[in-house]
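S.K.: Chain by chain, the residues run as shown.
Number of protein chains: 2
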Amino acid sequence: MSERHRPVPSVGMVGGGQLARMTHQAGIALGTDFRVLAGSPTDSAALVCGDVRLGDDRGLADLLDFAKSCDVVTFDHEHVPEPVLRELEDGGTVVRPGRSALQHAQDKLRMRTRAAELGVPCPRWRAVTAIDQVEAFAAETGWPVVLKAARGGYDGKGVWVADDRAQALEVLERAEQNGVRLLAEEKVAFRRELAVQVARSPYGQLAVYPVVETVQRDGICREVIAPAPGLDDDKATAAQELAIDLAHALDVVGVLAVELFETEDGVVVNELAMRPHNSGHWSMDGARTSQFEQHLRAVLDLPLGSPRTTAPYTVMANVLGGDDPRVYGRYIHVMAKDPEAKVHFYGKEVRPGRKIGHVNVAGDDWVDLLERARDAASYLRGDQD
Amino acid sequence: MSERHRPVPSVGMVGGGQLARMTHQAGIALGTDFRVLAGSPTDSAALVCGDVRLGDDRGLADLLDFAKSCDVVTFDHEHVPEPVLRELEDGGTVVRPGRSALQHAQDKLRMRTRAAELGVPCPRWRAVTAIDQVEAFAAETGWPVVLKAARGGYDGKGVWVADDRAQALEVLERAEQNGVRLLAEEKVAFRRELAVQVARSPYGQLAVYPVVETVQRDGICREVIAPAPGLDDDKATAAQELAIDLAHALDVVGVLAVELFETEDGVVVNELAMRPHNSGHWSMDGARTSQFEQHLRAVLDLPLGSPRTTAPYTVMANVLGGDDPRVYGRYIHVMAKDPEAKVHFYGKEVRPGRKIGHVNVAGDDWVDLLERARDAASYLRGDQD
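Quick note, the sequences are listed as chains E and V, same order.
If you're matching positions, the first sequence starts at 1 in UniProt numbering and goes up one per residue.
If you're matching positions, the second sequence starts at 1 in UniProt numbering and goes up one per residue.
Among the hints, a few may not be true.
One side only, chain V facing chain E, incomplete, derived with CB under 7 angstroms [what the hints assert, rightly or not]:
1) V8
2) C49
3) R53
4) M335
It is worth saying that the hints were derived from the structure and are not from the lab.
No residue lacks a Cβ here, since even glycine has one placed at the ideal position from N, Cα and C.
When you get a sec, could you build the whole thing from the sequences and use the hints?
M.R.: Here is the structure:
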């Protein structure tokens with residue numbers, strides 16, 4: 001970085017979504033030289049960032065050009081194809097997290113394979129290409145069986161729950177038509193879903209956040225309670241250690257989010273993301289260092305900030321778009337009703353079911369906080385008009 | 001606002017300094033449509049803001065043009081001349097705070113006159129144009145006498161302490177040569193300096209922050225302790241009520257910062273500012289709603305946020321430039337030493353004595369916090385290299 005004789009190193013984030021928007025917000029305080037590569041000037045981050053480059057955020061030519069202006073390149077999403085990442089790295093771009101780490105967030109088969117090697121607890125799983133393989137798997141785990149696309153799934157897309165052979169066959173056939181590799185996973189009888197964020201710098205420093213509870217409905221994260229209420233210490237420690245082990249073993253740089261199932265006996269890994277993640281948005285108003293600041297510090301190889309909580313509990317609720325796009329009017333009512341609620345808007349056009357913002361509420365009583373955060377989010381959606 | 005059929009109203013801030021930079025940062029969460037009028041693309045706010053208009057931030061033509069794109073115009077500084085403000089308002093621009101309020105922050109003679117009418121406690125003062133007036137004043141208050149330029153002073157500039165007739169004469173002569181009106185003020189025997197922020201919306205809603213202690217050296221604010229340690233309840237309440245009364249009486253919209261002297265008997269008003277102010281930077285990491293978010297909410301006539309503190313104490317220390325401009329290297333050491341310290345950089349070129357950032361530290365023990373904040377700021381300046 002100092003080779004370029006800049007007073008501060010420059011970070012480029014690939015993708016102009018809300019994660020880039022909130023990373024920019026955190027970077028303002030750090031005084032970083034931050035830019036985004038966005039597909040459109042109306043992308044969430046492009047609306048607020050001082051240095052926006054427009055281009056294809058998955059294509060080699062635009063990425064190579066973007067990288068010229070950056071000391072470090074990092075990501076708002078996992079959709080840059082592996083060959084493109086390889087070309088970037090081969091050309092000398094500092095990519096954080098790097099390709100070899102990122103492939104585990106991009107490809108669920110690789111992630112499961114590596115996790116198995118590392119002895120990290122996962123649901124039972126198997127790569128499947130034919131219905132007899134799914135049936136053999138179901139004979140061990142019982143129906144239903146969860147079928148997942150190895151690549152490209154998020155927010156419930158790319159995940160199918162097959163109750164029987166016929167449903168599984170349908171998923172297999174569609175996958176084959178679309179050239180999608182599948183894996184079968186047992187449907188875990190979980191108590192609840194958890195998540196944990198850990199940041200890791202190239203130097204090897206780690207900072208781990210408290211384990212949180214995530215509440216999903218229709219495959220979409222709706223609320224997060226930080227820390228997870230009533231989680232016993234053994235499980236919390238196991239979850240944090242597992243995240244730390246994964247971050248080390250996969251050589252992650254930046255924030256790693258590990259989504260988990262809590263079972264009777266312990267925790268098992270559901271998904272990984274190597275970027276700031278929805279399950280960490282609470283940290284913006286509930287931790288000394290937000291996950292966005294932490295991600296920047298990590299990819300810049302700066303000393304990490306304290307992940308300590310600033311309140312006993314922080315609850316986050318996602319604001320989804322409703323049928324009525326006039327959010328601003330409802331926003332005023334939410335502000336008036338709860339002056340402690342922190343509303344974060346992404347500047348996105350309102351479409352039904354789209355994540356357009358989130359609300360954080362911090363305090364002592366998580367039951368009260370959850371009610372207030374849910375209230376605010378559902379009012380903003382228009383459910384209570 | 002709704003006349004323009006925009007999903008959210010647009011706010012334009014006049015001036016591209018660090019206050020505009022931090023207001024933009026707060027506005028990202030609110031989802032406001034925010035822009036700045038900056039003199040240069042390297043201005044603090046211009047470096048990070050998504051919508052920057054370049055122009056003369058004190059001149060009528062550029063302000064009128066800027067105002068066309070804004071539902072509300074507000075300010076990073078007090079330097080827009082009153083006739084320009086009048087033209088803007090006459091042309092239909094929504095200016096918040098308005099001209100009639102702003103003149104009390106722009107002109108110390110008007111402020112003292114109005115404060116006297118309102119019965120707000122102030123130091124003894126008198127408008128002075130000749131040395132015999134100063135001597136007559138000194139005969140009442142004793143020497144030294146504080147002489148202030150009615151307009152344009154900040155950070156110790158525009159304020160002179162005259163120990164005797166000869167020194168006062170020199171100030172008077174220079175003032176006359178430069179067409180500067182003066183007022184004489186008694187040198188208050190204060191225990192310490194305090195400040196209080198209050199936000200007021202057009203609707204008339206008010207939110208007042210705790211009274212803070214400000215520590216000045218060489219006429220520049222160096223540290224702020226929030227809340228002021230050991231301040232007795234009567235004085236704290238008097239200071240907050242005085243700020244509320246002033247905000248109402250002067251019809252302030254936005255944040256009003258009142259700088260005060262604490263005396264044996266009470267508090268007296270030193271200066272006013274009608275914008276986010278250095279004495280409120282602690283709120284970024286120590287209050288539920290920062291002064292920057294609060295200013296935006298107020299000028300947009302949104303319900304105000306809770307000014308409640310999130311820690312028993314928060315201490316802010318200003319980072320001044322030192323002789324060595326290589327701040328980034330030192331920055332890493334500060335982060336490593338104190339992972340809880342929140343460093344806010346303004347993206348400014350380092351010049352000796354220039355405010356280039358600030359550090360906030362929040363916790364339980366203000367003595368420890370003050371030491372840590374001072375340490376960080378002085379290390380960043382280069383004093384401890």
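S.K.: Each hint needs a verdict: does it hold in this structure or not?
M.R.: Verification of the supplied hints:
| no. | hint | in the structure |
| --- | --- | --- |
| 1 | V8 | 5 angstroms, holds |
| 2 | C49 | 6 angstroms, holds |
| 3 | R53 | 13 angstroms, violated |
| 4 | M335 | 4 angstroms, holds |
Violated hint for the displayed structure: number 3, the only one.
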